[in-house]
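Chemist: Sequence:
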Amino acid sequence: MTAAQRTTITASVLLTACMLGSALLLRRVDQMRTGATLQDVLYISSPKLLKRVSLGYEGLLADIYWTRAVQYFGRKHMAYSDRYDLLAPLLEITTALDPHLIVAYQFGASFLAPPPPDGAGMPERTIQLVEYGIRNNPDGWKLYYDLGFIYYMDKKDYA
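Following my numbering, the numbering of the sequence shown begins with 678 at its first residue and continues without gaps.
It is worth saying that the hints were derived from the structure and are not from the lab.
When the alpha-carbon atoms are kept at most 30 Å apart in a straight line, the in silico DSSO-like pairs for lysine-lysine are as follows:
no.: 1; residue 1: K832; residue 2: K819
no.: 2; residue 1: K819; residue 2: K833
no.: 3; residue 1: K725; residue 2: K819
no.: 4; residue 1: K728; residue 2: K819
Ranges between beta-carbon positions, derived for each pair:
no.: 5; residue 1: M830; residue 2: T744; range: 24 to 34 Å
no.: 6; residue 1: L701; residue 2: S758; range: 34 to 44 Å
no.: 7; residue 1: Y835; residue 2: E808; range: 13 to 23 Å
Computed from a predicted model, the values in this text were never measured in an experiment. Beta carbons: idealized from backbone N, C-alpha and C, even for Gly.
Take the sequences, apply the hints, and build the full model.
Modeler: As structure tokens, then:
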């Protein structure tokens, strides 16, 4: 047996042992976590800091925060929660990182404005969010429509 073959066999045995060990460790961690709950925590709440940390990948980070906002809303909505404390900050971070992500304004408005249990019941924050979207996307007619819809349906402002 040559030295190269011994090295290959040794590496293969070590790799197999490491994979088996990690699988057993992962199973043990999953067993320990069954009673744990996922906490709603926003570790970094500053969009300016996140822009610097993103190293030029603001769009990617905005997509990640948008996905997190959708999952947060879905989890709270399925639990019939009446508290959506992190929803507005998540949407504000998303739109600050990528001000041209129109879907975040549109669906964010439909998440924030309606009263619980259908939404967060924050029409004022929704108006601020959509107006920010209009400032950054003045040609996006759907945002003007959404703003009017919020005033009409949620604020009961028929003027």
